[in-house]
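Number of protein chains: 2
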Amino acid sequence: MRSEFEFIRNLKKKYDLERIGDDCAVLPKDPKTDLVITADLLVEDIDFRLDWTRPEFIGYKALAVSLSDVAAMGATPKWAMLSIGVPGKVWPGKFVDKFYEGWFELAAQYNLELIGGDVSRTPEKIVVDSIVAGEVPKGKAILRSGAKPGDLIFMTGAVGGASGGLGMLESGFRFSTAGKKRKRLIARQLRPNPRVDIGNQLSDAKLATAMIDISDGFSSDLSHICMANGTGATITNLPADSDLYEYFSDDAVTDLALNGGEDFELMFTVSPKRVSELEGLSVIEVGVITADANKIELIRGETAKHLRPGGYRHF
Amino acid sequence: MRSEFEFIRNLKKKYDLERIGDDCAVLPKDPKTDLVITADLLVEDIDFRLDWTRPEFIGYKALAVSLSDVAAMGATPKWAMLSIGVPGKVWPGKFVDKFYEGWFELAAQYNLELIGGDVSRTPEKIVVDSIVAGEVPKGKAILRSGAKPGDLIFMTGAVGGASGGLGMLESGFRFSTAGKKRKRLIARQLRPNPRVDIGNQLSDAKLATAMIDISDGFSSDLSHICMANGTGATITNLPADSDLYEYFSDDAVTDLALNGGEDFELMFTVSPKRVSELEGLSVIEVGVITADANKIELIRGETAKHLRPGGYRHF
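Listed in order, the protein sequences are those of chains E and V. Using this note's numbering, the letters of the first sequence map in sequence onto residues 1043 to 1357. Using this note's numbering, the letters of the second sequence map in sequence onto residues 1043 to 1357.
Looking at chain E on its own, in the form it has when it is part of the complex (with noise of 0.2 Å):
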């Protein structure tokens, strides 16, 4: 059965789609700046269950998973839509008003404007589709493609808490209930916070020739980027969540860094030439491009092991 990636691909292909296939689609907006725009749509029971999480949490989220694909473009978020679809029976409740009340409290903090959406009626499960946009100097857009093999790859930030907090969760671990450190974890799942200042930063700098987030997991994103450079990569640093460490295996952490979605940290690939650069800046060295096309290797000690994308799929 074809994946939504592969269908996409065909999408694309069919009826000639060009600006589809990173983080946000980029639009010229007027002659000093380009914009970007993203769709993500989050379904009740695929995404989030109302018994693991809050109202505010999935507001919260609804907006992050949106704002970190503009930060991936190197973008300044400016504005936002909401689509909403809620059954009958959550509708008089306290749920609505306690979810734009996160998306809310996450826009505050980059002066984010709703100005638009819909509000709809489902049969049973609640919808949400958020969609953000975001400015960036004309051109200046970072792409998944625009890395060169001997390019550096970084991380802002460890990968594998949020599907560690996942796994918590499907233990029966509630963020209210949990200890500090499962807790940290469980939030990293259901509360995550998008990196739009230090993509910004790497944006200002322009320092970074590629970008994307952390959303379907580390090593699908990274053979992203490695699909839209024909280019291969080499990993000799996994950054995993150090938090992991204390309830799962080495395997099994290794298998969430690499494999668990939705850590919504942004992998980027800089020049050798202009790594000093980054100084000062919280970022992880991760590896580097190599020229193998599509050669993804994972370097632990005198092993390699070869990567597989293996990331969150819907279909």
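Derived by calculation from the structure, the hints in this document are not laboratory data. Fair warning: there could be bad hints in the mix.
Pairs count within a copy or across copies, as identical chains cannot be separated in the list.
Calculated lysine-lysine pairs in the PhoX-like style (CA-CA distance at most 20 Å, straight line) [unchecked claim]:
no., residue 1, residue 2
1, LYS1136, LYS1056
2, LYS1315, LYS1190
3, LYS1074, LYS1180
4, LYS1248, LYS1315
With chain E held as given, fit chain V onto it using these hints.
Only chain V this time, still in chain E's reference frame:
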């Protein structure tokens, strides 16, 4: 229980959302141009039923409802995004491809570019969020506000057909087997055509003082116009779809024309001094804006009936 209209009014007030409340949000694009943008959520078993329609009709209608909002601003559609969520059982079949075929059939008529969106899994029902953006010369978007007492009210076509078609579907008639007139009504429900061209002509001629599309229903959308202007209205000629009279009583036809939604005709107002300039445009004069705030009357012969907004509400 609060309706979705009350909810949106409260949200607008609570979070100071100035751009919400028209068919589209209006945003500055460049020194000469404004961007208008709208989002419409369509949900299976709320907005469409798979056994009543065709996948390509759903794609066509998803785009039509948003194009209609852009048309109601007098704007020219430019680009679109499409988020679609489908259950696992639907993904392997032809639904998704046929859906996009219908969408692109309408998009091609306006050289509309699909620039992004999302593809997701849902637990059970299909959901679609349709986003369309258009452009209009700066400051020239036609709002719901702008009408003055004495302005004449026009429609681009008759109403009630779409909900008449829905009645046919509810009675067991189907698009593929219905006779000519029933088929025409059912098509108005399943595959509506947005009035983009005439919206653009009205915009170019700077004739409309206010405009809205008939999505909620004639009485409801007229009341939106009156509320936005602090006016009332007198309707002397309710333009009911002529196909309806063969299947419905006169009273039922009046009810469908007043309160049936989704006809996607445009309702607009014109200063009496400029009415002669409408010559050559296919429009119907239906009434006049009055100074009596929110008093909306339907005149039929000697009798005047006070109209309450009675269109479709989700909540």
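(request) Could you work out which earlier hints the structure fails to respect and list their numbers in ascending sequence? (result) The structure breaks none of the hints.
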